[in-house]
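J.: Sequence:
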Amino acid sequence: MIRKTLFAAAALAAMAGSAFAASAWTGGDDLPTNPLACDGTAGAAAAKPYDGGEPTGAPDRKGKKITVVDVPKLIGIGYFNATSKGIADAAKELGNVDAKTDGPTQANIDQQITFIDNYITSGVDGILFAANDPVAIAPVLKKALSKGINVVGYDANSQPDARQWFVNQAEFNGIAKAMVDNLAKEIGEEGAFAIVTSTFTTPNQARWIAEMAAYAEKCHPKMKWLETVEAQEDNVLSFNQATTLINKYGDELKGIFGMTSVATPASAEAVTQANKCGTIAVVGLATPNAMKPYVEKDCVKSVVLWNPVDLGYAAMQVLRAVADGDLKPGATSVKAGKLGELQVINGSEILLGAPFVFSKENIGQFDF
Numbered sequence: 001m002i003r004k005t006l007f008a009a010a011a012l013a014a015m016a017g018s019a020f021a022a023s024a025w026t027g028g029d030d031l032p033t034n035p036l037a038c039d040g041t042a043g044a045a046a047a048k049p050y051d052g053g054e055p056t057g058a059p060d061r062k063g064k065k066i067t068v069v070d071v072p073k074l075i076g077i078g079y080f081n082a083t084s085k086g087i088a089d090a091a092k093e094l095g096n097v098d099a100k101t102d103g104p105t106q107a108n109i110d111q112q113i114t115f116i117d118n119y120i121t122s123g124v125d126g127i128l129f130a131a132n133d134p135v136a137i138a139p140v141l142k143k144a145l146s147k148g149i150n151v152v153g154y155d156a157n158s159q160p161d162a163r164q165w166f167v168n169q170a171e172f173n174g175i176a177k178a179m180v181d182n183l184a185k186e187i188g189e190e191g192a193f194a195i196v197t198s199t200f201t202t203p204n205q206a207r208w209i210a211e212m213a214a215y216a217e218k219c220h221p222k223m224k225w226l227e228t229v230e231a232q233e234d235n236v237l238s239f240n241q242a243t244t245l246i247n248k249y250g251d252e253l254k255g256i257f258g259m260t261s262v263a264t265p266a267s268a269e270a271v272t273q274a275n276k277c278g279t280i281a282v283v284g285l286a287t288p289n290a291m292k293p294y295v296e297k298d299c300v301k302s303v304v305l306w307n308p309v310d311l312g313y314a315a316m317q318v319l320r321a322v323a324d325g326d327l328k329p330g331a332t333s334v335k336a337g338k339l340g341e342l343q344v345i346n347g348s349e350i351l352l353g354a355p356f357v358f359s360k361e362n363i364g365q366f367d368f
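Residue numbers are given in the working numbering: position 93 of the sequence shown equals residue 93, and the series is strictly consecutive.
Bear in mind the hints are in silico, worked out from the structure with no lab data behind them. It should be emphasised that the depicted structure is a prediction, and the values quoted were computed from it without experimental measurement. All residues carry an ideal CB built from backbone N, CA and C; glycine is no exception. Just so you know, not all the hints are guaranteed correct.
To be verified - In silico DMTMM-like pairs for lysine to aspartate or glutamate, Cα to Cα no more than 20 Å straight-line:
id, residue 1, residue 2
1, Lys-147, Asp-161
2, Lys-224, Glu-189
3, Lys-301, Asp-367
4, Lys-147, Asp-60
5, Lys-64, Asp-125
6, Lys-301, Asp-181
7, Lys-62, Asp-125
8, Lys-143, Asp-102
9, Lys-185, Asp-60
Unchecked claim - If you anchor each label on the Cβ, the simulated ranges turn out as follows:
id, residue 1, residue 2, range
10, Val-236, Glu-341, 36 to 44 Å
11, Ala-274, Gly-337, 41 to 49 Å
12, Thr-121, Asn-247, 46 to 54 Å
Using the sequences and the accompanying hints, generate a full structural model.
T.: Here it is as structure tokens:
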């Protein structure tokens, strides 16, 4: 499924002479794309039956204190520090959850699997996770389900049947539209861009890129996609990859998409050090605090994200609702504390909300 040639839609477009050539990216998955309307008309949500997994022989946990471990892609970076804070905030508010965050210091799927497996052995009631690889992580999550452990994902999904629910920070096509529209506004309809991502197999980045390509083909067909490079969620590698792109393409490169909270500030720093602010636009996903220096200096105009504190908070609320039996297959919404009622989409996903664009006008209002 992973590392296939660029999905069929883009391949067909390439044969028709599109700027979105398959050589620009060797990632992807087998899922269809669903680009939103160019004019901003909301997409229709299609009903889909529950496709998540079920724990085997789970005890009655309703109202009882539960122990939960959060195992994100990696620990020690601002983004997952923020989701961890949201999880801790929700646990404190709920009062009957003992939650902790633990995981690898690198975005390594083998290490992540080991952490989860160790917590299954030591004994927990619930597992929260953000997957480094949707397929590779599935067996250990299914093992957790087989032990009666409640399993909820957030940020980066697994195969649906390996967890009960997934809290989606924003729909993939919504992120794609926000990213592409903002870059097109900065570099024009015929500008050339490159992408710095984590890995081609990271599920959320792969899906965003797929939807970005489909949306750009539909609504900004003359934009030119030069290349996509992997940077492993590593700050130094992200900076070096962005610098390589700047040097490789010269004046042709008009924009860089950063697909991670590490790649975006590193790309902005590369543009800054190359004295290309105002010449090469950077649009990406990142936390406001990491981007404030670049936004305040007008080197970056658009940062697309959601509130990761809210994402972690929502994930903890969802797991508590699952443990209590209040969120069951077939539900259309779930109560999530201060966030109110969140909607169920795509069978077994909970939608946090629409993406948010941070700019010079509003970024100072946020601190994470």
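J.: Run every hint past the structure and note whether it holds.
T.: Outcome of the hint check:
no.	hint	verdict
1	Lys-147 / Asp-161	15 Å, holds
2	Lys-224 / Glu-189	9 Å, holds
3	Lys-301 / Asp-367	18 Å, holds
4	Lys-147 / Asp-60	14 Å, holds
5	Lys-64 / Asp-125	11 Å, holds
6	Lys-301 / Asp-181	12 Å, holds
7	Lys-62 / Asp-125	12 Å, holds
8	Lys-143 / Asp-102	19 Å, holds
9	Lys-185 / Asp-60	53 Å, violated
10	Val-236 / Glu-341: 36 to 44 Å	43 Å, holds
11	Ala-274 / Gly-337: 41 to 49 Å	45 Å, holds
12	Thr-121 / Asn-247: 46 to 54 Å	48 Å, holds
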